[in-house]
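Protein chains: 4
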Amino acid sequence: MNQHNTIPGFVSAAQFDTLFERVSNWGRWGPDDEKGTLNYLQPEHILASAALVKSGRHVSLSLPINTVAGPDNPHPSIHHMVKTHDIPTKHGEPRFAGDYLGSELHGDSRTHIDALCHVSYKGRLYNGKLPASVTSRGATLMDITAYVHGIAGRGVLLDVPRFRKVKWLEPGEAVTAEEIQAVEKVQGVRLSEGDICLFRTGHHRRRLELGAWNNSCEGEGQAGLHVNAMPLLHERKVAVFFPDGDGETVPSNVEGVPYPVHALQIAAMGMACADSLQFEELIEVCEEEQRWTFMVVAAPLRLPRGTGSLFNPIAIF
Amino acid sequence: MNQHNTIPGFVSAAQFDTLFERVSNWGRWGPDDEKGTLNYLQPEHILASAALVKSGRHVSLSLPINTVAGPDNPHPSIHHMVKTHDIPTKHGEPRFAGDYLGSELHGDSRTHIDALCHVSYKGRLYNGKLPASVTSRGATLMDITAYVHGIAGRGVLLDVPRFRKVKWLEPGEAVTAEEIQAVEKVQGVRLSEGDICLFRTGHHRRRLELGAWNNSCEGEGQAGLHVNAMPLLHERKVAVFFPDGDGETVPSNVEGVPYPVHALQIAAMGMACADSLQFEELIEVCEEEQRWTFMVVAAPLRLPRGTGSLFNPIAIF
Amino acid sequence: MNQHNTIPGFVSAAQFDTLFERVSNWGRWGPDDEKGTLNYLQPEHILASAALVKSGRHVSLSLPINTVAGPDNPHPSIHHMVKTHDIPTKHGEPRFAGDYLGSELHGDSRTHIDALCHVSYKGRLYNGKLPASVTSRGATLMDITAYVHGIAGRGVLLDVPRFRKVKWLEPGEAVTAEEIQAVEKVQGVRLSEGDICLFRTGHHRRRLELGAWNNSCEGEGQAGLHVNAMPLLHERKVAVFFPDGDGETVPSNVEGVPYPVHALQIAAMGMACADSLQFEELIEVCEEEQRWTFMVVAAPLRLPRGTGSLFNPIAIF
Amino acid sequence: MNQHNTIPGFVSAAQFDTLFERVSNWGRWGPDDEKGTLNYLQPEHILASAALVKSGRHVSLSLPINTVAGPDNPHPSIHHMVKTHDIPTKHGEPRFAGDYLGSELHGDSRTHIDALCHVSYKGRLYNGKLPASVTSRGATLMDITAYVHGIAGRGVLLDVPRFRKVKWLEPGEAVTAEEIQAVEKVQGVRLSEGDICLFRTGHHRRRLELGAWNNSCEGEGQAGLHVNAMPLLHERKVAVFFPDGDGETVPSNVEGVPYPVHALQIAAMGMACADSLQFEELIEVCEEEQRWTFMVVAAPLRLPRGTGSLFNPIAIF
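As given, the protein sequences belong to chains A, B, C and D, one line each in that order. With this note's numbering applied, the first sequence covers 12 to 328. With this note's numbering applied, the second sequence covers 12 to 328. With this note's numbering applied, the third sequence covers 12 to 328. With this note's numbering applied, the fourth sequence covers 12 to 328.
Hints may contain errors.
Note that the list lumps identical chains together, so a pair holds whenever it fits in one copy or between two copies.
[What the hints assert, rightly or not] Cross-link-like lysine-lysine pairs, in silico, DSSO-like; alpha carbons within 27 Å at most:
id	residue 1	residue 2
1	Lys-178	Lys-46
2	Lys-46	Lys-65
3	Lys-133	Lys-101
Simulated from the structure, these hints should not be mistaken for laboratory data. Computed from a prediction, not measured in an experiment: that's the story for all the values here.
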């Protein structure tokens with residue numbers, strides 16, 4: 012029997028609430044904290060990450076912006092030209108071409124980072140704040156500008172398909188705490204305080220080879236973390252979580268909670284989380300360099316009141 | 012008489028065309044090069060920049076995204092909520108708030124980076140390519156994905172108002188090659204091969220204190236480079252240019268060329284250029300650390316066919 | 012003394028609440044009515060309006076869509092080409108050009124119609140419904156599709172500047188019930204049950220001649236109805252109100268109520284109201300035909316959950 | 012053999028060019044005409060159409076705006092709230108909810124009208140104008156404001172499925188000139204000068220019952236006119252064409268011309284054409300009233316430089 016292909020046991024609603032309490036960081040950094048686990052990422056970690064820059068290679072962790080509707084892109088971004096070089100500039104040369112981008116800031120086919128106001132669980136945001144603090148004009152608390160000065164630190168890639176010796180995990184497969192530790196061991200890395208965890212299920216490798224699919228709980232679902240992995244991330248004081256899917260195992264392993272990983276990571280822990288990164292270029296560099304740690308620098312757009320942002324995180328070796 | 016407040020002599024159309032040829036990099040990196048001066052920024056420069064990370068401080072170089080129309084923002088960005096926490100998630104908790112950003116990707120009040128296809132001069136893009144390569148569906152050459160893996164290197168701030176002992180340069184004031192060298196001397200820095208030049212005129216300090224103004228050639232204009240500074244940047248092999256205005260002296264000092272700096276930097280040199288950065292937070296750190304060099308990491312959104320991108324560059328000390 | 016240039020007496024908060032009750036139609040057409048005063052406009056009125064079609068002339072009552080930011084257009088509409096004829100069609104000719112329109116659906120510089128859900132007063136929409144019925148995903152009650160089959164009926168133009176023998180009313184000037192009756196008398200018309208009242212203050216004539224101004228209560232304001240005119244419209248059973256400004260006298264004549272006409276018309280009466288129509292072409296036809304009644308046909312876009320719509324009403328003579 | 016299910020003979024490229032010449036109206040109304048066949052619709056036709064208003068019933072001919080991506084909606088419209096009633100108005104009550112609509116102005120799942128600049132055939136627009144007159148900033152000729160004062164006239168519904176005694180025509184089925192005349196006979200109508208032809212294939216009945224499909228030439232296609240019907244419309248001097256699909260038989264019956272009906276109607280004839288109307292409500296009224304002629308009033312949004320517009324045409328009985 013291949014344990015990796017076994018979906019671990021279902022978690023009851025009561026067990027989940029206990030788990031929520033166990034990993035909660037409410038109050039840990041004060042009642043008005045807006046940084047959550049990013050508080051773990053201190054200057055010494057940034058220095059240590061810069062010391063990982065040895066070859067000067069650097070690589071994008073972002074998907075291309077997707078303007079084509081599809082099963083995982085029901086709300087495609089729009090990209091319009093507002094001017095090509097057919098329009099003279101007043102008063103002479105040069106001429107300028109320009110364009111326009113319109114996009115939702117979350118969604119399964121776009122690489123984005125979530126603000127802590129993005130998720131509420133049972134009527135509370137991270138730190139116990141009220142969901143009504145997000146109004147129809149935007150977030151009045153814990154918006155994406157909490158991360159405005161960027162995230163720089165040590166990236167640690169956990170390449171689960173490499174560990175399992177598969178191209179990708181199949182929808183519904185869950186990665187447990189035990190497996191994370193096994194991956195660490197094989198790769199010779201250990202998630203530590205202040206780290207940026209890059210969590211690879213091979214989501215986009217699957218997408219490239221099989222085409223897009225509906226990975227929501229209405230569709231086929233996706234591979235991701237099992238909720239039992241959250242105490243490990245909590246104890247290790249991981250600061251940032253960057254998965255290639257959205258981090259969730261879908262369908263959910265938790266009774267009555269369709270997206271339990273988001274509930275734990277964002278609402279309970281205040282973790283800086285992104286969704287839908289792309290690691291296919293990264294893993295080539297990792298293999299060539301035979302290392303799975305590097306400097307990562309990422310920054311959201313500076314969008315006041317925003318609940319998230321498209322972004323393009325960069326790994327530097 | 013204060014030479015800094017004197018607008019240097021007007022440049023004739025013929026002189027400008029000579030200057031264009033002098034600084035041109037057409038063909039230097041092959042006929043299909045899409046990276047331009049970013050070719051100067053090599054791995055050793057990235058390693059050297061990482062070695063500048065000593066305190067772990069980091070700071071955004073971006074303006075907030077501006078959704079309010081004004082004299083320098085005729086096409087305001089839009090930020091809409093697509094969902095607040097009033098909408099239940101199907102099948103249970105948690106709930107999610109989400110939003111939408113729509114924005115032109117150039118413009119004086121938004122921090123953005125230009126693709127090389129953005130500027131044509133007399134019917135040619137950088138490297139002699141044809142402007143018709145930018146179609147109504149976007150750029151087929153030299154789009155913003157040329158920079159997709161990000162820009163990481165040594166940032167060198169030239170703080171011209173600090174040198175002049177003023178809060179900001181006034182619209183129309185031009186910074187010459189001679190003044191750049193004088194600033195370097197006072198700050199103890201020297202622009203070198205592969206550098207990211209951060210060029211501060213105090214544009215946004217002025218804006219914060221006096222309010223926005225029309226800084227185009229139809230309005231009051233702005234302070235920026237004199238075109239005679241371009242051979243210096245060319246000889247020094249500067250890779251990247253990040254100004255706080257858009258780098259131009261407006262009104263132009265060149266006969267019949269309203270935006271000559273863009274013509275030289277982008278169409279002739281193929282320089283990686285951004286517009287409208289914000290250095291007011293940066294200069295506080297520079298003063299405290301008493302240094303004007305640091306690591307800079309910046310990445311455009313991964314927008315195929317784009318002529319530019321909003322971005323949030325980060326300086327790391 | 013010219014009574015027309017006198018702003019009638021201020022209305023107290025208590026008087027306003029009495030007025031609100033007096034003109035309220037809550038419950039008149041049942042607890043779930045979504046049509047409000049449009050219930051007055053019956054088939055016989057439509058037949059009578061068609062009988063007014065005698066010359067076959069027809070004219071738009073709409074402003075051009077305004078993509079230029081200005082004092083009365085802080086959120087300009089956007090109009091982008093998505094394709095020009097530079098892009099071949101797959102498999103052969105012909106080619107197609109296409110475009111994109113993005114626009115807020117209310118606002119002072121765009122001709123639009125309001126849904127009844129658009130306005131709440133003291134925690135209630137028309138008919139006593141709750142404002143929370145408008146969620147972050149749109150209106151669940153009384154959206155603009157209540158008018159989806161269009162509005163067709165008799166238009167009656169009240170041309171107040173013509174009556175006053177001025178080009179336009181100045182900001183802050185209010186039109187009272189008495190003046191409406193005087194205008195009717197001079198023009199030989201009488202607002203009757205089911206009518207579409209076109210109310211002209213010359214707002215756009217002023218704009219064309221003097222340029223745009225900030226007509227909100229933060230700026231210079233605008234001419235419009237005095238709240239004492241509302242019982243007259245109520246008693247006459249006017250179905251639809253189409254003004255050239257937004258119908259309001261700004262600044263308001265009512266204590267603590269910045270937009271009292273909207274409160275009365277939409278929240279109390281359930282009146283089908285539009286804003287920012289354009290009558291400059293219409294009045295030329297009226298003068299030539301020497302009549303101020305005609306058929307009007309108007310329809311919102313069929314936008315489920317919408318709170319309003321851009322539209323282009325047509326007068327047919 | 013059922014002739015209705017037979018696709019009439021393929022048309023060669025040479026035959027098509029002859030047909031193009033035969034129905035061309037280039038020059039008919041002068042070299043700078045922007046109205047095309049709308050010139051046929053004269054005041055007397057409007058008067059006659061108003062005389063058809065007998066019962067006062069009126070009905071929308073529009074689909075709902077579709078914000079959900081699907082096989083016939085690759086670029087869904089967006090509808091965002093910009094404000095709900097959670098935001099207080101400055102200075103007091105009432106409060107206002109508002110929203111935003113963003114949409115392409117053509118496309119198979121939205122009811123829209125085409126400007127004459129929308130279609131070019133072999134390097135020419137209607138009347139021989141050049142396609143480059145449509146720039147990246149919009150149309151400089153024959154934009155949608157040519158129809159700004161609206162279209163009012165006699166609507167004649169040709170209900171082909173009713174004639175064939177089927178619920179809808181299947182994709183690829185073509186309606187010939189002969190069949191149009193047979194439909195006329197059965198319904199007791201005759202398309203005449205200045206008429207607005209409503210052409211029903213049952214497209215949206217099929218969509219409602221079977222779900223959306225890809226009706227482009229890349230997909231299953233759709234039922235529509237055979238190109239041999241165009242001389243009939245030409246000779247009858249039909250002014251306006253409003254189909255429920257986009258009027259085309261797809262796949263095309265013409266060699267090398269994927270959308271021949273658009274080429275003939277718009278580029279050759281200058282016909283006022285719309286796409287993707289909805290007649291399911293209309294046919295109920297037609298059946299109840301037992302008539303297939305009525306007044307139609309329709310108007311595009313007043314969008315300068317636009318190549319088309321969403322709209323909501325109204326039939327009045």
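Going through the hints against the structure:
1. Proximity of Lys-178 to Lys-46 under the C-alpha cut-off of 27 Å is found in neither arrangement, the shortest distances being 35 Å within a copy and 33 Å between copies.
2. Proximity of Lys-46 to Lys-65 under the C-alpha cut-off of 27 Å is restricted to the inter-copy arrangement: shortest distance 23 Å between copies versus 30 Å within a copy.
3. For a Cα distance limit of 27 Å, the shortest separation of Lys-133 from Lys-101 across copies, 14 Å, qualifies, whereas the shortest one inside one copy, 57 Å, does not.
Consistency note: the structure conflicts with earlier hint 1 alone.
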